[in-house]
Structures are given as structure tokens and as C-alpha cells.
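Chemist: Below are the chains, spelled out letter by letter.
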Amino acid sequence: MNTTAENVSSQIDYAIHTDALNLWYGTFQALFDVNLDIKQGIITSLIGPSGCGKSTFLRSVNRINERLGYVRTEGLIEVMGQNVYNENVELIQVRKQIGMVFQRPNPLPISIRDNIIFGHKLHSEGRKPSISEQDDIIEAALRKVLLWDQVKDRLNSKATELSLEEQQKLCIARLLPVKPSVLLMDEPCSALDPKGTEAVEELIWDLRGEYTILIVTHNMAQARRASEECIFMLMGKVIEHTATEAMFVTPEHKETADYIEGRYG
Amino acid sequence: MFEISELNKRNQKTQKLFQILFLMMTLMLIAPVVIILGTLIYKGGAIISVDFLFTAPTDGMTAGGIFPALFGTVWLVAVALLVSVPVGVAAAIYLSEYAPDNWLTRIINLAIINLAGVPSIVHALFGVGAFVIFFKFGTSILAASLTLAIMTLPVVIVASKESLQAVPKAFREACWNMGATRWQTIRRVVLPNAVSGILTGVILEVSRTTGETAPIMFTGAAFFLPFLPQSVFDQTMALSLHLFVVSTQVPGVPDELPYGVALVLIGMVLLMNSVSIAFRMYLRGQKKW
Numbered sequence: 002m003n004t005t006a007e008n009v010s011s012q013i014d015y016a017i018h019t020d021a022l023n024l025w026y027g028t029f030q031a032l033f034d035v036n037l038d039i040k041q042g043i044i045t046s047l048i049g050p051s052g053c054g055k056s057t058f059l060r061s062v063n064r065i066n067e068r069l070g071y072v073r074t075e076g077l078i079e080v081m082g083q084n085v086y087n088e089n090v091e092l093i094q095v096r097k098q099i100g101m102v103f104q105r106p107n108p109l110p111i112s113i114r115d116n117i118i119f120g121h122k123l124h125s126e127g128r129k130p131s132i133s134e135q136d137d138i139i140e141a142a143l144r145k146v147l148l149w150d151q152v153k154d155r156l157n158s159k160a161t162e163l164s165l166e167e168q169q170k171l172c173i174a175r176l177l178p179v180k181p182s183v184l185l186m187d188e189p190c191s192a193l194d195p196k197g198t199e200a201v202e203e204l205i206w207d208l209r210g211e212y213t214i215l216i217v218t219h220n221m222a223q224a225r226r227a228s229e230e231c232i233f234m235l236m237g238k239v240i241e242h243t244a245t246e247a248m249f250v251t252p253e254h255k256e257t258a259d260y261i262e263g264r265y266g
Numbered sequence: 198m199f200e201i202s203e204l205n206k207r208n209q210k211t212q213k214l215f216q217i218l219f220l221m222m223t224l225m226l227i228a229p230v231v232i233i234l235g236t237l238i239y240k241g242g243a244i245i246s247v248d249f250l251f252t253a254p255t256d257g258m259t260a261g262g263i264f265p266a267l268f269g270t271v272w273l274v275a276v277a278l279l280v281s282v283p284v285g286v287a288a289a290i291y292l293s294e295y296a297p298d299n300w301l302t303r304i305i306n307l308a309i310i311n312l313a314g315v316p317s318i319v320h321a322l323f324g325v326g327a328f329v330i331f332f333k334f335g336t337s338i339l340a341a342s343l344t345l346a347i348m349t350l351p352v353v354i355v356a357s358k359e360s361l362q363a364v365p366k367a368f369r370e371a372c373w374n375m376g377a378t379r380w381q382t383i384r385r386v387v388l389p390n391a392v393s394g395i396l397t398g399v400i401l402e403v404s405r406t407t408g409e410t411a412p413i414m415f416t417g418a419a420f421f422l423p424f425l426p427q428s429v430f431d432q433t434m435a436l437s438l439h440l441f442v443v444s445t446q447v448p449g450v451p452d453e454l455p456y457g458v459a460l461v462l463i464g465m466v467l468l469m470n471s472v473s474i475a476f477r478m479y480l481r482g483q484k485k486w
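These protein sequence lines map, in sequence, to chains Y and L. Under our numbering, the first residue of the first sequence is numbered 2, with each subsequent residue one higher. Under our numbering, the first residue of the second sequence is numbered 198, with each subsequent residue one higher.
With the rest of the complex left out, here is chain L (with noise of 0.2 Å):
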């Protein structure tokens, strides 16, 4: 009575193949991680050294370090983020709390939607003519971390929004029925418990804004500069950029430079992404609802 039947053991083969299959097509998506990893450290590891990280380039680019580029995308990114930061936050804070359900209310959410799908050489040309043209901020630090802070944005909002959302409805419930304003209660309430996410999703956001090439490339970030930025006015070498240049513009480039340049750029992102995590989990164990 309890014996496997043909048609069980049918059954079971199929379940086995597909698992196996799900376990290959996860495999395969690890893959490439591994692969890319490997041959940057096998290939560029040995370039990397306190002089690469902190000299200038010499020699036409073909040698010495990358410090410019290195310092110039801690600056895009900063100034960026000081912008996106907080306009995406305040956004988010409105249209969780605030925000009542209208029309104008789904269009804005549709307008951060789309604004997330635009392609990131439409917002460099959307920055040439905003900030470069438009505001008369010319290619410079500025108008590179703006037109970032734009692509940026919708994400900032996003996730700000879904952490704020998370809030349990009680709490803010509770807040009201003490006769808390929609103030008191973000401010003492929502906003404590809804940061972790936020800084989670900016950290993200950060480790993806290092990467940007294009919305840079025409807005401030410059092929090579003999010194570093001054000001928010001045151009800027970029890490992005600058990888991108050694390994297509330059002839007589040695074959690590441009391998030490991206372990470098994807180490600054790995090392964001694994803070990020770090951070949340801490946060999430302390945590208690």
C-alpha cells in the first residue's frame, strides 16, 4: 500500500532535475563575480600599493598611481550624496506620511518610477544642458555630482520610503492618540526606527553612484589633470573615467595599470557593500518588535 509507484518515481525524477537545475543557474550567477574578482587580483594585485593610491600619474598615464582619480570620485560622490540625501529623504517622508492618496500623488510616484529607468547617458546630456549650459556651472565638480544626485535620486527615495513604510502602523497609531502632530511622531517615532534602512539603501546607492562613467564623462570629469581640484568649480579625474581611459585611450599602458585601476574601484564598492550589510545587521539585532 505505502510502496513507490511508477508514477512517484516519475515524479521524483522531475523534482530532482529541476532542483538541480535552480542549483546551476544559481551557481552561474555567482560565477561571474568569482571569475571578474580572480582575474583582477590574479592580474592587477601586484600594482596595487600605498604609492599607487597616493601618487599622481606619470609618464603620459602609463605609470605611477591613481590618487587624483581616487580623490576626485570621493568628492563626486560626497557632493552628491549632500544633495540627494536629503531632498530624496524629505521626498520620502512626504509621500509615506503625508502625501494623501490623489492623482498627483500616483503621478509623482510614476514620475520616480520612470525617472529610475532613464538610462545614465540621458542624464549626462540632461546635466550638460541643466548644470553645465543651463546654470553656467561649467564641466565641474559641481555639475557632475548634481547630474549624479539626480540619477540617484529615485533609488534614495525609494528605499527611504520602503523603510519609512515599514514603521509598524501601531506606532504611529499610538503617537496620534496622545495627541502627537504628524511632526512629533516622524521626528520621534518613525524616523529613529526607519533610519537604518534609510542608510542602507544611501550606502548602496553610494557603492553604484563610484561606478557611474557616463553621466561624468561630459559634466566634470577630465581625461587628466596635473592637479587636484580645488573647489567645486574645477574639473575632476574619476576613478571611472579614469579606468576607462588607460584601457582604450592610452598607448604603452602596462597591462596591470589598468587591472590595479578596476580591483580599486570594485574594492571601494565591495567594501561600501559589506559595511552596508555589516550596519544593517547590527541594527536589525537591536531591533525589537
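In isolation and in its complexed conformation, chain Y is listed as follows (with noise of 0.2 Å):
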């Protein structure tokens, strides 16, 4: 299974792809005509004003968004290559694939090992994962979000007790065993204080070529700091979609230049 998912997304150059992507909340259409193609192993950032469906369109891939039963979706979303939308395809395998990361980290009330073996124990069809294999999983994912030094003596201590910054470091943690092929990242860093920004931000920066990232941010200096790629939206629309570096220094629209400089948002 693992093998034939590396096949194919050795082949495709794209994580996400995007056509004709519209969405409507009841009668109010937040997406217009979303194309998009989100290159794989980099970090894509999404920015734009408040209500400019950034978010929209991050929930709209792991099709979480329908949860809300007033919404309606039409279009095409690929991820790695396959049509999420498609009828036969099973939700929770969608969930497994594109992990997801909130703007409020989000631990479940025990402890740190179990939030951590959580997501592989639900997968592991019956068979109980023996535990020395569970703490190679649990050190793995934690050294791999550079919280192990911090927090291997205390393993089975409640993972709510955490810090802010340790908290969104685990929501990461527990989403790798699963070993999920896109990260979605939801303002992943704006309920922390600097120290913490800059933390979970090295560790997202550490985490690219793994794994395909898109992350929605209202910092316009995060998205210039931490993304290669990133998207401009506005009023529901893709505006602009250009390496980083590129559209802070020579934008090509008269909105992107707006809005990069302050002028509304």
C-alpha cells in the first residue's frame, strides 16, 4: 500500500490540485473558480484578508468543510493525484492521508503517549501495536518535532498540561504516525507568543520535502519567513501564485502590492 503511494506520487509533481473550485455557504459563494496546483514537498502559504477564503479553500481539501451541511462544493480537488470528491472514496481515508493542524492547538485530555499512538492505534487494524513498537513510534514523532528532550521523563503526564508551544508541537507529533502525505496548517501559529512562532515555525520549515505543506497565515511576515510558494486570495478568488520571494519583492498585481503593504486586511 505504502509502496504503490510513493509510486504515485513520485510521478506527480503536484500534491493538490485545484479546478474550476467553486463553494457555497447556503447561498453565499465563498470560492470562485479556484485553479490551483500546489507543488509537493514544499510549503505553499495562503494569504489574504479576513473572509477572503483561505480557510475555505484549506477545509475544503480534506473535505472537512462539509461537517456544515449547508455547504455545496463544485469542481474538481485532486490530492497526490486522486479526485477527493470522487464517490468511492472513504473519508477516513482522506483524514489519514492530509493531517491538520488548528489555529488553537488542540491535544486530547491524556496523556502525551496516547496522543501520540492515538491516530496509529486507530489504524492498526485489531492487531495492538506492541509497546516497544509504540515507543519507537512515540519517540520518533517526538524527536521529529523536537520536543523529545523536553518532555521524554514525562510521557504519561496530561499533554493539556503543556505549554502552548509544546501543545502545537504534539497536535504535529500525533498527525506523523499516521504518515500522512499533506499537512494542512490553519494559522498554526497565531495563539503562540514569539518564542513559540518562531519554534513551531523552524520545526515547520524542518518538516518540508517530507511532507506537502500548506499553511494558512494573517502574518504577513511568517508567510515571507516560512513558504516557498504562496498564494494570494481575495473575495474568494486566487489573485496570484508565485514563489515567495517573488511576490513580496515584485508583485504582480496592484491587490497583492495593496495588501502586502498594509494598505487593507
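Simulated from the structure, these hints should not be mistaken for laboratory data. Keep in mind it's a predicted model, so treat the numbers as computed, not measured. Quick reminder that beta carbons are idealized off the backbone N, C-alpha and C, glycines included. Accuracy of the hints is not assured; some may be wrong.
Unchecked claim - Selected chain L positions facing chain Y (Cβ under 10 Å, derived; list incomplete): (1) GLU370; (2) ASN374; (3) ALA377; (4) THR378.
Put the two chains together into one complex; each comes in its own frame, and the hints tell you how they fit.
Modeler: Structural data, given as C-alpha cells:
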């Protein structure tokens, strides 16, 4: 299963591809003809003023939007070459492949250990992973998010007792054992202090390559520092999608330039 | 410039007046509790003893203890809970975690609210019609307990639903985003965090059920029985009905006997309420969100 997924992913360059994506909340249209090709293995940031549809776009990629009953989606969204809105698509598999990190860290009110192994247990088909197997998974995930040294002596204490920065790292770490290919992050640093923001940004930067990361942010400086490509959205439309440096130095559109310079938003 | 004005004085006087008024109202609220408990202990305290609790009534219920009634009440409440808790919690889980927001769900919710408002004597008559006659359980513990169960269901459902919904949505999202099904989410995250609230609701409900008289008097509780029930198909005595009987139906009962029965009944209720509160405080202390 894993090898086929890798084969597929090595043949395509785009982790996320959308074609004529339109989305309505009831009668309000939130996305207009979004055509995007998001490259695999890099960090792409989504910027734009509040209400521009960036979070909506993020949430339609893993189909979390559907939980609001009144959402209607038209058009194509392909993740790793497969249409996630296909009829034979199992939502559980979609959620497994596409991890999501929220604005507010949301560790479960159980131990650090159990948080990390939670997703893995869900998907290990009746067979209970042995303790040593679990320990390896937990250590690997926590090392990956640079949290291992801080928490290795208190794996059994509650995850909700960690600092916000550590909680957010944990929320990223617990996605990893499920082996997702895409990570969606909805303003992952906005609840953190500057130090925490820096640490989490560094971590996200380290994860690029292995995962395709799509990050929504309000923080222009963050988009500039921590992403390779940048998408600017306005009123539900994609205005510009280029390399981050190019967008901030020589934006093509006037709206982009105005937003980046802080004239609105 | 900053001196008190006439208007200030008047306003402050009014404010003081209302503060005192509200305090008086609050004190009036606890007065009945104090008076009832005080009277019961004063008049019935002397009769309470191990013998009183663990022997049967004698001499046409004018002497002896209350054991069959105490035993019967425990039976009735236990069987009622055995039915209402699983059904109620399951219904609450459905309503809180699965039910879509449509007309059916709204009708169910409306029905639950109305069920909670049905007078207990109506429940009693329903119990007679449904369980005693239609299902042919006869007047028995089973019929009485089922009647009690139906009466307690709405409260169990509402309390459970509220504690399920008090579990932050972020936990559910976290689970769903790792690919958990709804049931996995409920079993591993939602229920463990809601259980304290559910238990508190259930225990409070126990204390209310303990005192109910009307729903059991036609369905399974007996005036007097010389023996203990052997199965759920037997009738039984019950504390609440026994209190009614010894206070109004039997001549020549010594004064302290009904007071003693009432004291035992209220003691059971208070004890369970205290357990419930202590339990909730303990579990809240454990929780950290």
C-alpha cells in the first residue's frame, strides 16, 4: 500500500490540484473558480484578508467543510492525483492522508504518550502494536517535532498541561505516525507567543520535503519567512500564486501589492 | 466635586434595600430545609437504631422496624436504573453526537421535554395500563420499576446530553482529523470526559426516584407484606409508601414512627446527593482543559 502510494507520488509534481473549484455556504459563494497547482514537498502559504476564502479552501481539501450541512462544492480537487470528492472515496482515508493542524492547539485530555499513539492505534486494524513498537513510534514522532528532550521524562503526564507551544508541536507530532502526505495548517502560530511562533515555524520548515505543507496565515512576515510559494486570495478568488520571494518583492497585481504593503486587510 | 449628592444617597439606599431583600429571599429558601430536618431529627431521631432499620414492622405496623420497605426501595430504584441508564445514555449519545438537525430530532427533543413535564400520577396510570395489564407483569417490582424508569428517562437523557455537549468540540475535531470514526471518537474521547457529568445526573435522579410514591403505589408497592420479595415479579413494600401508610392509614401508630421513617428516607436522599456532589468535585479536580 505504502509503496504504491510512493510510486504514484513520485510521478506527479502536484500534491494538490484544483480545477474550477466553486464553493457556497448556503447562497453565499465563498470560492470562485479556484484553479491551483500546489507543488509537492514544499511549503505553500495562503494569505489574504479575513473572509477571503483561504481557510475555506484549506477546509475543502480534507473535506472537513462538509460537516456544516449547508456547504455545496463544485469542481475538482485532486490530492496526490486522486479526486477526493469521488464517490468511492472513503473519508477516513482522506483524513488519514491529509493531516490538519488548528489555530488553537487541541491535544486530547490524555497523556502525551496516548496522544501520539492515538492515530496509530486507530489504524492498526485490530492488531495491538506492542509496547516497544509504540515506544519507537512515539520517540520518532516527538524527535521529529523537536519535543523529545523536553518531554521524554513525562510521557505519562497530561498533554493539556504542556505550554501552548509544546501543545502545538504535539498536535503536529501526533499526525506523523499515521503517515500523511499533506499537512494543512490553519494559522498554526496565532495562539502562540513570539518565541513559540519561532519554534513552530522552524519545525514546519524542517518538515518540508517529507510533507507537502499548506499553511494559512494572517501574518505576512510569517508567510515570507516560512514558505516557498505563496498564494494571495481576495474575495474568494486566487489573485496571485508565485514563489514567495517574488510575491513580496515584485508582486504582479496591484491588489497583492496593496495588501502586502498593508493598505487593507 | 467628589462629595456625595442627594441623588447618590437615595440610589444607594435603594440598592441596599434590594440587597437585603434578596438576602432574605435566599434565607427563606433554606429555612424549610433546616426546619424539616430539625423537626425530623428532634421527633424521630430517637427511634432510629440498627433494629429499626433491619427488622420488619410488627403489631399492625405500629411497632417494629422498616426493613422490608427499605429493602424494597433499594430494589425498585436499582431495577429502574438498570433500565433507564442504558437507554437514557444511549439516547443522549444519539442526540448529541449523531442526530442531524432536522424535524425528527426536534420532535424527539420536544417529546423528551414533555415527558419530563408529565405528572407522576399520570405516569402511574400509564404504568398500570402498560406494564401491569398489557404486558401482564402484574403489580410487581418489574412493573413499578419500569414506570419509575420511564419517569426518570428524560432527566437522565438531558443530564447526559448536557455533559456530552460540554466536551469541547476541539477534541472531536482532533479525532476526526486523525481518521477516527464517530464511534471511536465517542468511546475514546467523548464518553470518558462526559462520564462525571452523566454519573452526577444519574445519582441526583436516584435520590428523586427514591422518594416517588404515586408511580409505585398502583404498580408494585404493597401496603404491607409479611415477607421480602423473592424476584422482580413479586410485590414489595417501599419506604415512601410506607411513610404515607403509617402517617395516614393505620390507627394507633406512635408519633415517632412516621418521623423516623421520614428521617430514613430523607437521610438516604441527602446521603446520595452528598455522594454525588463529592464525586463531581473529585472528578472536576481531575479534569484539566
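Chemist: Work down the list of hints and note, for each, if the structure agrees.
Modeler: Here is what the structure says about each hint:
Checking L:GLU370 against chain Y by beta carbon gives a least distance of about 6 Å; that is within 10 Å, so the hint holds. The beta carbon of L:ASN374 comes within 5 Å of a beta carbon in chain Y, closer than 10 Å, and the hint placing it at the interface holds. A cut of 10 Å between beta carbons decides the hint on L:ALA377: the least distance to chain Y is about 5 Å, and the hint holds. Given the 10 Å rule on beta carbons, the hint for L:THR378 holds: about 7 Å separates it from the nearest Cβ of chain Y.
Violation of the numbered hints given earlier is absent; every hint is satisfied by the structure.
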